Structure formats: C-alpha cells, structure tokens
Amino acid sequence: MAVRVQREDFDPGHEIARMGAADRGIGAVVSFTGLVRDLAGEAAIGAMTLEHYPGMTEKELARVEAEARARWRLADCLIVHRHGRLEPGERIVLVVTASAHRDDAFEACRFLIDWLKTRAPFWKQEETGQGERWVAARESDDRAAERWLKPG
Amino acid sequence: MAVRVQREDFDPGHEIARMGAADRGIGAVVSFTGLVRDLAGEAAIGAMTLEHYPGMTEKELARVEAEARARWRLADCLIVHRHGRLEPGERIVLVVTASAHRDDAFEACRFLIDWLKTRAPFWKQEETGQGERWVAARESDDRAAERWLKPG
Amino acid sequence: MKLLYFAWLRQRIGKGEEDIAPAPPAQNVAELIDWLKARGPGYAAAFADPKLVRAAVNQVHVKFDAPIAAGDEVAFFPPVTGG
Amino acid sequence: MKLLYFAWLRQRIGKGEEDIAPAPPAQNVAELIDWLKARGPGYAAAFADPKLVRAAVNQVHVKFDAPIAAGDEVAFFPPVTGG
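Protein chains in written order, with my numbering: chain A, 296 to 447; chain S, 296 to 447; chain C, 11 to 93; chain W, 11 to 93.
With the rest of the complex left out, here is chain A:
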C-alpha cells in the first residue's frame, strides 16, 4: 500500500513483479499506465508540465487509496504520479492493484484512476505551436468518477 509523487520516471514491470511476488494468495495484478499523448484535441503537443499541490497531493492520493482498500479486497495497491515537465510518450501515472481474484483488482484499479483524476490536485499545462495553455477538466472524467458514488 503506497502512494508516491515524484519527478522521476517509474517502472511498471518492476512494480507489477514486486507486487505479484509478495503474497502467494495473489491471483490477479491489474495495472494502468497513463502516457503523454502528442495530440490533445486538435493541437499537437510539444510537451506538458504537471503542477501539483505538495502535501495535499499525497494526502488525497492516500485518501483515495484507503477508500479503494475499504471497498475491495486488495492484497496490495500502488499509485505513482509524476509532476514536472513531460514529453509525449512519457509515463505520467501508474496504478497497480493486486487481489486474489480479478474482479477486485480490475474494479479497484478503475476506481483509483477515475477518482484521482477528479480529486488529486494536479494541473496540466500543454505546450502547443500556439503557445502554452492550461488543460480544462473533462466532463467525462467527472462522470467517470461519479459512477463510483452510486451503490453497487
């Protein structure tokens, strides 16, 4: 169970292998890796900079992670989120969940990424040919997070 906020890159394979090896009761490890795309809407992206709120970020991610552990049977879970300047193709965020069965691992992983997209205090500024611009929050992200508010 861990949350990390860092400038440095991370290694999804290392985290998946470490998590799977920790406990012989684990049957399923699910991972989500988010990458910088070179197309956001119509404009080509040169790079983006992720600003965050040090202190609050870690707290929100820990809160989201505790919520996932309360809702699903998880043997382990991990959130790693980078900040700073990132170029297209670079990894931004990693969520890994491990459980005895795939249902819990899939649901919790999806919950974590949906929820952190609307709760974790990160802001993306994109560098385009027309200058820099702040990325607006997507309504689809709000809807994705809201479905976890409904029972069942």
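What the hints contain is simulated information worked out from the structure, not anything from laboratory work.
Incorrect hints may appear among the rest.
With beta-carbon atoms standing in for the labels, derived distance ranges [as the list claims (entries may be wrong)]:
1. L334/S / A40/W: 51 to 57 Å
2. L334/A / A80/W: 46 to 52 Å
3. A342/S / A339/A: 50 to 56 Å
4. A31/C / G320/S: 52 to 58 Å
5. G52/W / E362/A: 33 to 39 Å
6. L444/S / A79/C: 26 to 32 Å
7. R49/W / G426/A: 35 to 41 Å
8. L334/A / E28/W: 33 to 39 Å
Restricting the straight-line Cα-Cα distance to at most 30 Å, the calculated cross-link-like pairs of lysine-lysine (DSSO-like) are [as the list claims (entries may be wrong)]:
9. K25/W / K354/A
10. K354/S / K25/C
11. K61/W / K354/A
12. K354/A / K12/W
13. K73/C / K354/S
14. K12/C / K354/S
15. K73/W / K354/A
16. K61/W / K47/W
This structure is a prediction, so every number in the text was calculated from the model and none was measured.
All C-beta atoms in this analysis are idealised placements derived from N, C-alpha and C, irrespective of residue type, glycine included.
Since chain A is already given, all that's left is putting chains S, C and W on it; use the hints.
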C-alpha cells in the same frame, strides 16, 4: 496485435513499455497478469499443470482478440498464455491493451480475460496433498463472460 | 476422422488422440458420443455425463447437434479453465 | 492565514502563495473570494468566474460555504486535470 501460447515466462513490464512506446497517440495502457495461487478453495496447491489444445488455442485467442478490436478503439493488444507445469507465484497469463483513452483500454482488457477464460481451450490440473485433481470450471467465469453478450 | 481427448477425458479413455477409419457412422457430435460409449469402459466413463463434456469440430466450439463428416477433427474436453 | 494559488489562478494573481496577517475579515471561502477580488485587477481576473475555481482548506477539498479561521491554509485552483 498478437497472441502467444508458450511454456516460457513473459515480462509484463517489457510488453507494457513496448506497447506504450509504439504510438504517440496512446494515452492508456492496461494490463492484467494472472498468477498461480497457492490456495484454491481449501487445499494447498503444490503446483499446477496447464494442458491445452495446440492449434485451437491460438485460433480461439486470435478470435477473441479480433472481437475486442472490433468492439473498442485499440491501438494495440496482446495476449500471452503459458502452458505446462507452473508453481505458486508464477505468471500464467498476460493481457495488455493500449488505447488513446482509458475507457477502451480497461473495457477491452476485462473483456479479453473474461472471454478467454470461457473460450480458450486450457485445462488446469492441480497438485495437492491429496493427489492431483482437475480444476472445475467456475460458474462465476461463465457469468463474467456472459455479461459481454448483453448490449451496452 | 481424427478424434482428440483432453484433461480427464484423455485420462479415462487412456489416449489423447486416435484416427478412426472408416469414419464412425455418426451424423453429428451426439451420435458420435453414443458410438464411442459403446467402444469400451474407458469411453463409457469419459462420456457418462455428457453435460460435463464440451466439443469442438475442426477447432471451433460446437454444440452436440453439430454435423460431422469423415475428414473432420473432433475434440472432446471438459469446460475450459485457463487464465 | 496562508493562501495558495495554482495553475492559471497563480499566473493571474502573479504569485503562488502569500501570508495575510491579520487574517482577512471572512467567515467562509465565499467571503474570502469577495475580499480578494477587491485587492487588485490580478485577483479580480483570477476570481472573475467563481464557477471555474475550486478551493481546499487545510488541504481538504471544500465548498465555498466552508468556514475558515485565522490559522488556516486556504488554496484556490481550477478543476484538477491529473492522471
């Protein structure tokens, strides 16, 4: 887009990195790694042997993969399934999906593992303290696969 | 006709595959099962409860009313448990 | 009271944080926004459309009716766009 059936282990991190690096339009890579558990029901498992139907296995996995590509917008996807004798903690199966957005990657990854569990001709024989036994198909796997038959 | 048996069907029948020529007098999978059950106690044990058996013809999952022909590859196995 | 500004609010206001002592005469976040808007054109621009602004008190997301006190850390930012 690939399907592999092999005795050898695989490297989830390598596959995730390779897939994410292939296309700058990819924003989401989701992976599922299935591991041998040491507890199946109540009995402790020494190891298991996965028997399969060479020829048909590859065809079924390719069919399942084509179905996923038809239903979701995927930049890439991969299924690797091992056969032979495996010990607790060893990796059995890997599904990796890549897409511009996480919705498609998550849904397709979940579909692929649900579907291959009821379509791909593999049979597990477990070695327990009481001897060897064939694992019975789980009704929950049938239900998981059936939900993909419903529209929406 | 090439027949394949997997998992506990293979164990009960005592072999993983066999070629039967001339092809058995069976128009579909259900008739083939009935013909096989009469071949000996191993076959009878393997097909004792057909609800536990699945079939594929030429490497495609089929139901027991699927037609079969002389050159087909017909496989019998329990419900799959991979992944 | 410690105030923090992020993303385009930080750019419009021209700084990322400031300490205001004595604390502003505001009972809740909404009153604090009104007080800040009167401080200058940068603040007025940052808070021109409060619907685009989110707030946290002591690093917890809050609504604009949340009470605030002198020792609090209050942050203003656009809707988050991480992940």
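Hint check results:
no. : hint                        : verdict
1   : L334/S / A40/W: 51 to 57 Å  : holds, 55 Å
2   : L334/A / A80/W: 46 to 52 Å  : holds, 47 Å
3   : A342/S / A339/A: 50 to 56 Å : holds, 52 Å
4   : A31/C / G320/S: 52 to 58 Å  : holds, 55 Å
5   : G52/W / E362/A: 33 to 39 Å  : holds, 37 Å
6   : L444/S / A79/C: 26 to 32 Å  : holds, 30 Å
7   : R49/W / G426/A: 35 to 41 Å  : violated, 28 Å
8   : L334/A / E28/W: 33 to 39 Å  : holds, 38 Å
9   : K25/W / K354/A              : holds, 24 Å
10  : K354/S / K25/C              : holds, 24 Å
11  : K61/W / K354/A              : holds, 25 Å
12  : K354/A / K12/W              : holds, 18 Å
13  : K73/C / K354/S              : holds, 18 Å
14  : K12/C / K354/S              : holds, 18 Å
15  : K73/W / K354/A              : holds, 18 Å
16  : K61/W / K47/W               : holds, 14 Å
Hint compliance for this structure: hint 7 is the single one not met.
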